[in-house]
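Number of protein chains: 2
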Amino acid sequence: MPNKVRIALDTMGGDHGPSVTVPGADLALVRHPDSEFLLFGDGAVIGPLLDSLPRLKAASRVIHTDVAIKMSDKPSQALRYGRWKSSMWLAIDAVKKAEADVAVSAGNTGALMAMARFNLKMMPGIERPAIAALWPTMRGESVVLDVGASIGADATHLVHLATMGSAMARVLFDLERPSVGLLNIGVEEVKGLEAVREAGVLLRDANLPHLDYAGFVEGDDIGKGTVDVVVTEGFAGNIALKTAEGTARQIGEYLRNAMSRTWRAKLGYLLARGAFRILREKMDPRASNGGVFLGLNGIVIKSHGGTDPEGFAAAVDLGYDMARYELLTKINQTLTLNRQDTASAVASASVATAGVHS
Amino acid sequence: MPNKVRIALDTMGGDHGPSVTVPGADLALVRHPDSEFLLFGDGAVIGPLLDSLPRLKAASRVIHTDVAIKMSDKPSQALRYGRWKSSMWLAIDAVKKAEADVAVSAGNTGALMAMARFNLKMMPGIERPAIAALWPTMRGESVVLDVGASIGADATHLVHLATMGSAMARVLFDLERPSVGLLNIGVEEVKGLEAVREAGVLLRDANLPHLDYAGFVEGDDIGKGTVDVVVTEGFAGNIALKTAEGTARQIGEYLRNAMSRTWRAKLGYLLARGAFRILREKMDPRASNGGVFLGLNGIVIKSHGGTDPEGFAAAVDLGYDMARYELLTKINQTLTLNRQDTASAVASASVATAGVHS
Numbered sequence: 001m002p003n004k005v006r007i008a009l010d011t012m013g014g015d016h017g018p019s020v021t022v023p024g025a026d027l028a029l030v031r032h033p034d035s036e037f038l039l040f041g042d043g044a045v046i047g048p049l050l051d052s053l054p055r056l057k058a059a060s061r062v063i064h065t066d067v068a069i070k071m072s073d074k075p076s077q078a079l080r081y082g083r084w085k086s087s088m089w090l091a092i093d094a095v096k097k098a099e100a101d102v103a104v105s106a107g108n109t110g111a112l113m114a115m116a117r118f119n120l121k122m123m124p125g126i127e128r129p130a131i132a133a134l135w136p137t138m139r140g141e142s143v144v145l146d147v148g149a150s151i152g153a154d155a156t157h158l159v160h161l162a163t164m165g166s167a168m169a170r171v172l173f174d175l176e177r178p179s180v181g182l183l184n185i186g187v188e189e190v191k192g193l194e195a196v197r198e199a200g201v202l203l204r205d206a207n208l209p210h211l212d213y214a215g216f217v218e219g220d221d222i223g224k225g226t227v228d229v230v231v232t233e234g235f236a237g238n239i240a241l242k243t244a245e246g247t248a249r250q251i252g253e254y255l256r257n258a259m260s261r262t263w264r265a266k267l268g269y270l271l272a273r274g275a276f277r278i279l280r281e282k283m284d285p286r287a288s289n290g291g292v293f294l295g296l297n298g299i300v301i302k303s304h305g306g307t308d309p310e311g312f313a314a315a316v317d318l319g320y321d322m323a324r325y326e327l328l329t330k331i332n333q334t335l336t337l338n339r340q341d342t343a344s345a346v347a348s349a350s351v352a353t354a355g356v357h358s
Numbered sequence: 001m002p003n004k005v006r007i008a009l010d011t012m013g014g015d016h017g018p019s020v021t022v023p024g025a026d027l028a029l030v031r032h033p034d035s036e037f038l039l040f041g042d043g044a045v046i047g048p049l050l051d052s053l054p055r056l057k058a059a060s061r062v063i064h065t066d067v068a069i070k071m072s073d074k075p076s077q078a079l080r081y082g083r084w085k086s087s088m089w090l091a092i093d094a095v096k097k098a099e100a101d102v103a104v105s106a107g108n109t110g111a112l113m114a115m116a117r118f119n120l121k122m123m124p125g126i127e128r129p130a131i132a133a134l135w136p137t138m139r140g141e142s143v144v145l146d147v148g149a150s151i152g153a154d155a156t157h158l159v160h161l162a163t164m165g166s167a168m169a170r171v172l173f174d175l176e177r178p179s180v181g182l183l184n185i186g187v188e189e190v191k192g193l194e195a196v197r198e199a200g201v202l203l204r205d206a207n208l209p210h211l212d213y214a215g216f217v218e219g220d221d222i223g224k225g226t227v228d229v230v231v232t233e234g235f236a237g238n239i240a241l242k243t244a245e246g247t248a249r250q251i252g253e254y255l256r257n258a259m260s261r262t263w264r265a266k267l268g269y270l271l272a273r274g275a276f277r278i279l280r281e282k283m284d285p286r287a288s289n290g291g292v293f294l295g296l297n298g299i300v301i302k303s304h305g306g307t308d309p310e311g312f313a314a315a316v317d318l319g320y321d322m323a324r325y326e327l328l329t330k331i332n333q334t335l336t337l338n339r340q341d342t343a344s345a346v347a348s349a350s351v352a353t354a355g356v357h358s
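Chains as they are written, first to last, in the working numbering: chain U, 1 to 358; chain B, 1 to 358.
Next comes chain U alone, as it looks inside the complex (with noise of 0.2 Å):
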């Protein structure tokens, strides 16, 4: 890790483009002054919105280029049209090229992930990518992934997951030895959930010095924050994230309906309103924003699309953090030790094969 981090943004990203991410980046920089920006995208816009901002501007270097992600396009349209010359690819190509540490984008994010994992390449040993996100929770907060990058998921892949996880919770969180839960359904005996049971078994037994296996969780463990780090496969944890995002929102919404019914909630509100500030700040999605891709050899972060800067410089931080405190040694760390507890395990066990069948 060179003196400062190296953080290369797709300027163009997200529903308002510069007029959030350049801010935002202003924002991230006066919490971490050891930052240097590459800014990517339309310089003539990019110029003006810098000239505002002399702190941010003496920290970073744009580089121009025409070409943009619509946050409308597939996967397959964006790799054809953006390849080698859009500003999302070419944040990307900074990490691959070493000139940055970490890539931030709030664009599209199946266009993102595919154009990551493309010019990325996965991490060896890891098969498939994830997103982690950070959640919210009654006792601060906690890592939970694969929020959608990819569905379904066998035994190997869920302690793929794990590993990741607990290697993001040990940046972010400063913990020696994170818990990880699995994500599971309470119904007894019930069939179909081999995989995870699978990896219940392999992660008790690897007994991996980062990694402390904590069990099963449901899905009312993550907000209690039962475990530092809850592992789904995609689908399951993507529909999570989103019921979640439309519960807080629903009753966000009741909350506002019932102090608006009466003069006397008016007023109590009135009376109340540092602490419904509190709860405001605490529900508050920008905080949280952030998502984090898992498994390629370079670090991507995902922010919402339609966040402000306050959200994106949130993004922008988790990027920052992730390069710092070197997320991609720490998953290499885990990930050596696995293979090698892994190896032994199947080494053991077909010792003690043999010697049952002499």
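These are computed hints drawn from the structure, not numbers from a lab.
Check before you lean on any hint, since a few could be wrong.
Pairs involving identical chains hold if they fit within one copy or between any two copies, as the list cannot separate such chains.
When the alpha-carbon atoms are kept at most 25 Å apart in a straight line, the in silico DSS-like pairs for lysine-lysine are as follows [said to hold, decoys possible]:
no., residue 1, residue 2
1, Lys282, Lys121
2, Lys282, Lys330
3, Lys121, Lys96
4, Lys282, Lys224
Using the hints provided, position chain B relative to the given structure of chain U.
Below, chain B without anything else, positioned relative to chain U:
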């Protein structure tokens, strides 16, 4: 349907047994005076409770049994010692023998499903059971299924879920043609959704008279109330349900903490008490208590095990509605029409294919 709705209760089920289920039945009876109860369980416990509830006593018959299914038993264990004689079995058996129109239990879900399936058998044309939940939304309520009866689903099973869920929505919401969405994730070109896509095509082509197929929905659409019926396989459905419950509890906790931090907040809370009461009612999990077992030749309702009399009464109410408004007949109507439509679709497809090959 006889004049009265005959409800068979497993009074021993749940964390608290008759002390919750019997007063719960009494609350439900007030709302539906045209109910009759068969109370299965320990007569020595139920008798004294009924003596203090003369209204319920007059509308009930107690059928004594010594055997009660424990909450912690595995379905196979429960079947072994509880078949033919437990309060749970006898309540289901009353539906089988047409002595009751619906059975309600707060007992162990796995055991209840195993016994219901063993005794009532699957409806003709349905291969796997489902559990449907009522989900409070911004627009009112929606039916969500399957929330955990079985894991994974091919296109045919998803179509069956849509059919059964729409019949349930017709019963509950008094709609001629409820809208139905298939739960999916928004990431483009992700592999593994073939079953969901295929089910979408089948539902669109069938264009059923009692089911308005509205396309794919995402996790956050559930709470919005985008559709009347949300269809998904049981693993994702269970995780969505539990995650939403967890999120609601989490936000409730945030709110309580925020409102007790300062004297201004406390005073505001006091003033807005009425508004908070409305909010609590909106968020009250007891109000939407009760899972409906679908796909069986009989109606069985599962109440939460830890609920109180008010919550158990909500499950009884749900059972009353399902029986009174003829859920099974409505499912059969849609299934029959669906089979006809599917048959004719297959027939015309064969004709078309024959044309191509001739």
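Consistency of the hints with the structure:
no.	hint	in the structure
1	Lys282 with Lys121	neither (37 Å within a copy, 48 Å between copies)
2	Lys282 with Lys330	neither (29 Å within a copy, 45 Å between copies)
3	Lys121 with Lys96	within (9 Å within a copy, 59 Å between copies)
4	Lys282 with Lys224	both (14 Å within a copy, 21 Å between copies)
The structure fails hints 1 and 2 (numbered hints given earlier, in ascending order).
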